[in-house]
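Order-wise, the sequence lines are chains A and B.
The first sequence begins at -6 in our numbering and counts up one residue at a time.
The second sequence begins at 106 in our numbering and counts up one residue at a time.
Treat the hints as calculated values from the structure; they're not laboratory data.
Positions of the beta carbon are idealized from the N, C-alpha and C atoms, including for glycine.
Errors might be hidden in some of the hints.
Listed next, the in silico DMTMM-like pairs over lysine to aspartate or glutamate satisfying Cα-Cα at most 25 Å (straight line) [as the list claims (entries may be wrong)]: (1) LYS329/B / ASP362/B; (2) LYS188/A / GLU110/B; (3) LYS111/B / GLU46/A; (4) LYS199/B / ASP287/B; (5) LYS291/B / ASP197/B; (6) LYS199/B / ASP296/B; (7) LYS199/B / ASP256/B; (8) LYS111/B / GLU47/A; (9) LYS279/A / ASP287/B; (10) LYS254/A / GLU46/A; (11) LYS115/B / GLU47/A; (12) LYS254/A / GLU236/B; (13) LYS67/A / GLU47/A; (14) LYS279/A / ASP286/B; (15) LYS329/B / GLU388/B; (16) LYS67/A / GLU46/A; (17) LYS291/B / GLU203/B; (18) LYS254/A / GLU59/A; (19) LYS254/A / GLU79/A; (20) LYS329/B / GLU110/B; (21) LYS199/B / GLU288/B; (22) LYS329/B / ASP256/B; (23) LYS185/A / GLU236/B; (24) LYS115/B / GLU59/A; (25) LYS279/A / GLU110/B; (26) LYS254/A / GLU47/A; (27) LYS67/A / GLU79/A; (28) LYS279/A / ASP362/B; (29) LYS254/A / ASP63/A; (30) LYS329/B / ASP168/B; (31) LYS254/A / ASP250/B.
Here are a few chain B residues that sit away from chain A, every Cβ distance over 10 Å (derived from the structure) [said to hold, decoys possible]: (32) ILE171; (33) PRO255; (34) TYR257; (35) GLU288.
If you want the footprint, here are the derived chain B segments under chain A, 3+ residues with CB under 8 Å [as the list claims (entries may be wrong)]: (36) 114 to 127; (37) 133 to 145; (38) 153 to 165; (39) 232 to 243; (40) 266 to 275.
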Amino acid sequence: MTDITSENTGRPLAHAVRNILLRWLLLALLGLFALYYLMPLFVMLTTSLKSLEEIRTGSLVALPREVTFDAWAKAWSGACTGIQCEGVRPFFWNSILLAVPAVFLSTLFGAVNGYVIAHWRFRGSNLIFSLMLFGCFIPFQVVLLPMARVLGIMGLAGTIPGLIFVHVVYGLGFTTLFFRNYYVTIPQELVKAAKIDGAGFFRIFWSIFLPLSLPIVVVTVIWQFTQIWNDFLFGVSFSQSGTQPVTVALNNIVNSTTGVKEYNVDMAAAIIAALPTMLVYVIAGKYFIRGLTAGSVKG
Amino acid sequence: MAWLEKHVPKMVLAPSFAVILFFVYGFIGWTAWVSLTRSRLLPRYDIVGFIQYQRLFDSPRWDTAISNLFIFGFLFIVISMFLGLFLAILLDQKIRTEGMLRTIYLYPMALSLIVTGTAWKWILNPGLGIEAVVRGWGFENFRFDWLINPDYAIYTIVIAGVWQASGFVMALFLAGLRSVDDEIIKAAQVDGIPTLRIYSAIIIPSMAPIFLSAFIVLAHLAIKSFDLVIALTGGGPGYATDLPATYMYALAFSRGDIGQAASSAMVMMMVVFAIVVPYLYSELRAKND
């Protein structure tokens, strides 16, 4: 490299050679990193398709000699999470029952809150917004103990509605932030004109803001869905054996100490648990990234 | 009717505000209160002072948790930032496959940390994982048993954590690189300033706010880290990979020591606030100006 650089001044050919070499180096590096990020997914997938026998005798990074879907079947409906041996299926269902209403409710409240804070300011509305914003950043450990007690008092301890409630409450800050930041870009004149035409608070929201909201609704729904589906702390703290979300069930399968360690079943269960958020990411990656950056940079 | 019209916005916001006030600030208050009592299995409300905090800082397990937080937090933040910036600069060189590569680098962020932990637990397990692979290549004496080695287990959390978060940092930096004024860069190129110099002297310094954001996000992730430790090491071997979050959980739900759990949660919150509050304050002020 050095001898090329030392004589490159005024020599277009050497310069071009150097550029091509650098280009190849760059692409090689980028490819290497792509392999690094893909490796765990590759290992998970191949392991899940191997038999236990092949896992023990073969190599971690080898392709399966014989593809078998037994591990997937067992992970879905037969693996043990503690004493229960029904696979991840019932817990996958729990996560859906939990995520759908929680995402819907927190998005709805976020939209209305954001609308008020962006366009119907009153004395103290900025303070309320700041308080909600700070609430996004608390480590949830600080609310676990009182929440467990309050859920008990409300009769929601260990239930899916209880978990929905928790996710809506602690999702409010972020969803409000998303909508507020989006709605402040809608010109105030539009609201004024609508008011002069006699439209009220809800009418303006319904016929002006909502139709414009599709992009931010997508971002918020994806963000909330990913957060709630992937949550473990609330799930493990506030559920009981029948109501656990899929992340808790996965952890129980992997760390159950009884019997032979079935790595292929563990990996299949992990992929199943990851599938919904992966799917969302592949289909709507652009919006996923937008949520991530909006949630962090401007939060 | 006019009165109603005037107050509708307040009434719409009121329920959410009440909920936040009670379930965030009220609960923080409750935890703070209980951390000053002798609560064990059940909360008690007679304040006795800072004995829980004393017990906390006398506890060797908490000591481990705190030093682990520093080791993990430092390495996690520094490596993720470095890797993220490096990848962003590489990707910024007009790569034709940029979209695909970005998708690959960032997908771990969509995964649950439990999934990440499960995958890396399998890859790093000494019997059949990377150690066995390298031995299979002929390096019979190769050892890579960090996962079960109390002195090194914390670094496995760093490995998995960086894998998960570095792509996200890359996305942040890439957005930052793209937002730098093109005119300045072109002017520098016309002046014959080498690319590396353009990055180190012009582009990177202008991205200071993004460094700060990335730092805040990563620090916040590090302090809250719970799922990854549970899935990857379960806090073990022994309690070698405990972090404050897992300590708090263990004391609250397995040991039934509410006072200790509350005091450890309060320490976590103070650490988070020491980092986040100045940042949020300046952000909000900048916005209002």
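Inset, instruction - Hints the structure violates: just list their numbers, smallest first. - result: 3, 7, 8, 11, 20, 23, 24, 25, 28, 38
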